[in-house]
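Participant: Sequence:
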Amino acid sequence: MMGNVAMAEGALAAGLSFFGGYPITPSTEVIEHLSKRLLEVGGSCMQMEDELGSINAVIGASLVGAKAMTATSGPGLSLMVETISMAANLEIPFVLCDVQRIGPGSHGPVTAPHHNDLGLIRFAGHGEFQVIALAPMNCQELFDLTIEAFNLAETYRCPVFILSDAYLGHLHEPIYIPPKEEIITRVINRELPQDYTKKFSYKDDSTGEYIIPKPPIIGTDYFPLMTLHLPHNSEGLPGVSALQFMEMLIEKIKTNIDKISITDEYKLDDVDIVIIAYGLPVRACYHAVDIARKEGIKVGIFRLVTVWPFPDEKVKNVVKNARAVIVPELNYTGFIAEQVERVTKLETPIIKIPKVGVLHHPDDILKVIREVSK
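Quick note: the sequence shown uses the working numbering, first residue -15, plus one each step.
Treat the hints with caution; some may be incorrect.
[Unchecked claim] Lysine-lysine pairs mimicking DSBU-like chemistry, simulated, CA-CA at most 35 Å apart: (1) Lys304 <-> Lys329; (2) Lys329 <-> Lys298; (3) Lys198 <-> Lys298; (4) Lys298 <-> Lys187; (5) Lys282 <-> Lys336; (6) Lys251 <-> Lys329.
None of these hints come from the bench; they were simulated from the model.
Assemble the whole structure, with the sequences as input and the hints as a guide.
Facilitator: Quick look at the structure:
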């Protein structure tokens, strides 16, 4: 199954009932596939006139109780950021798959990968709020992590991104789709709550815990009298300071980072050298580490499946005794390398391996491992 199609099927498994989108390479197969499949399951696929219409249609669908998503690439994402900000303010759940291509603008071949949207996704609009972003490394994960993305959107009521790219989206690999009975147990449904008084997140002063109610649904009694794009209380009315409101939008995610953050470890028990990677570059890292281990080099991989929010404490613990940290990324800047540097001891070297438009070869990573180990 093609990666873009696997992601679309994962969305359907999660309960997707509305897709609003606009064709843009290299994500076009998503809307093509869902234009047929959503009709088969009683959902709606709407091709809008542009990305502005697409993201606003998605937000409207979510407000009436639909699980909704869109898919785009960098230039389209740039047009969506104002509405993403509004959705974060009003805690409207939705999922966005960004099939990244070379940028900035429409620069270069649009069918080549470039993980250049990580900064834009992290700060996906004006104002301050937190997002969640997942980075699959294969087609199976595009299916599985899309289900997880919808669950996170329903639970934390914030924008949730799937970080794909031109190669991953067009890769073809075998996909295991579990039986319907198994999938149902993995999915968080959109349901009305028992308590209709609280419709937006708030801090419980007695416990200090951030409470995140179920998303309100237009057409039911469980919907606020007002949906203000202003600092608002749990009922949607003015009554909290801007500082309190910003704190809620950010801390409802940060205080749950241990539940949100998905990571994986490979041969880290005795390491001198740590590789920190996400997305497609992880695949080359496994092969490089296996070869290096046969040469007696103590190297392992700490994989970020959840890229945002960045797991500061987990990374800090993994690299605390490392002789060096290697960060291969499909971008020149090193968005994740900057985060790793922020939580690593000053004397520990952080070695970037940048690539743009082409994949890392295991030899690229192995060469750096050997140089560092001398």
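Participant: Are any of the numbered hints broken by this structure? If so, which, sorted upward?
Facilitator: The structure conflicts with no hint, since it agrees with every one listed earlier.
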